[in-house]
Amino acid sequence: MERKAFLRTLVTGVASMTTLAAFNQFTSELKEQETLMPVLFVGHGSPMNGIEDNEFSRTWKAMGKQIPTPAAVLVISAHWLSQGTRITAMDFPQTIHDFGGFPKELYEVQYKAPGNPALAKETSLLLTSALVEMDHDWGLDHGAWTVVRHMYPEANIPVLQLSIDYTKGPQYHYDLAKELYSLRKKGVLIIGSGNMVHNLRMVAWDKLNESEYGYDWALQINNKFKELIGNGHHDSLIRYESLGKEALLAIPTPEHYWPLLYTLGLKGGKDAISFFNDKAVGGSLTMTSVKIG
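In terms of my numbering, the sequence shown has 207 at position 207, counting the first letter as 1, and numbering is strictly consecutive.
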């Protein structure tokens with residue numbers, strides 16, 4: 001073997017062993033726990049919630065103290081849609097400011113939580129129904145960092161994002177989430193981030209500061225969603241288009257609703273369900289959030 005080829009083989013082999021060693025060390029450290037880590041669906045609302053001290057952000061902060069400290073956080077955000085499924089696999093994901101027209105202060109936020117390539121690899125292996133690509137370009141969009149920075153302000157817990165394959169339907173997303181269940185046993189906090197009722201075209205912008213202002217149809221379907229979630233009627237939530245015109249108004253496009261299905265797919269048989277931030281904003285949005293477990 002030529003000297004250059006030999007050195008290239010040697011370096012590649014060492015790198016592979018290092019990666020494998022890191023992977024094995026991480027997965028062995030994440031031992032199954034006696035209690036399951038809860039799962040959250042968070043209505044994230046406006047990006048401004050990421051820097052404001054309001055009732056929503058205060059609840060996120062309290063939730064971070066209420067639940068067990070996670071080994072890592074995995075977010076399924078409405079704002080990362082892809083063809084196929086991807087997972088962030090870099091050591092330090094960038095903070096993405098994927099919005100426009102907001103104050104300079106919001107664009108200056110840098111949430112410097114680490115990633116964890118080993119956990120990304122483990123997660124990809126769990127998702128046997130999808131060919132998961134390791135992503136080194138995305139980072140943390142505002143569906144992730146605006147919430148997580150309130151929960152874990154020290155940015156000392158690894159945060160990863162899993163993309164949503166926009167070519168698939170609701171049943172696919174619900175079923176795919178089930179394959180992540182074992183991460184709950186290893187202390188990984190999985191968060192679906194979107195909004196149950198999310199119709200930006202119908203927002204009453206002049207009512208944004210009016211507390212709990214919601215159109216009748218928005219309040220009606222929000223209550224219906226809560227009823228179905230509480231009773232475990234996931235089939236009806238997967239087939240939301242059959243719930244009537246109110247559901248179609250609430251979900252004109254599905255990207256903010258799909259993260260809820262990921263959360264529901266992770267529910268265990270003995271998990272309790274509770275709701276938080278259960279309020280309407282601007283008529284056609286709700287911040288209603290769900291804690292499972």
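Some hints here could point you the wrong way.
List time: in silico BS3-like cross-link candidates among lysine-lysine, alpha-carbon distance up to 30 Å [unchecked claim]:
1. K207 to K121
2. K168 to K121
3. K178 to K104
4. K65 to K121
5. K279 to K61
6. K224 to K61
7. K168 to K104
Between beta-carbon pairs, the in silico distance windows are [said to hold, decoys possible]:
8. E105 to E212: 24 to 32 Å
9. G268 to K207: 37 to 45 Å
10. K112 to D216: 40 to 48 Å
11. E227 to Q171: 14 to 22 Å
12. G169 to E210: 17 to 25 Å
13. K245 to A204: 35 to 43 Å
Everything labelled a hint here was simulated from the structure, so no lab data went into it. Virtual Cβ for every residue (Gly too), placed ideally from N, Cα, C.
Hints versus structure:
| no. | hint | verdict |
| --- | --- | --- |
| 1 | K207 to K121 | violated (45 Å) |
| 2 | K168 to K121 | holds (22 Å) |
| 3 | K178 to K104 | violated (40 Å) |
| 4 | K65 to K121 | holds (28 Å) |
| 5 | K279 to K61 | holds (17 Å) |
| 6 | K224 to K61 | holds (27 Å) |
| 7 | K168 to K104 | violated (36 Å) |
| 8 | E105 to E212: 24 to 32 Å | holds (26 Å) |
| 9 | G268 to K207: 37 to 45 Å | holds (39 Å) |
| 10 | K112 to D216: 40 to 48 Å | holds (44 Å) |
| 11 | E227 to Q171: 14 to 22 Å | holds (21 Å) |
| 12 | G169 to E210: 17 to 25 Å | violated (36 Å) |
| 13 | K245 to A204: 35 to 43 Å | violated (19 Å) |
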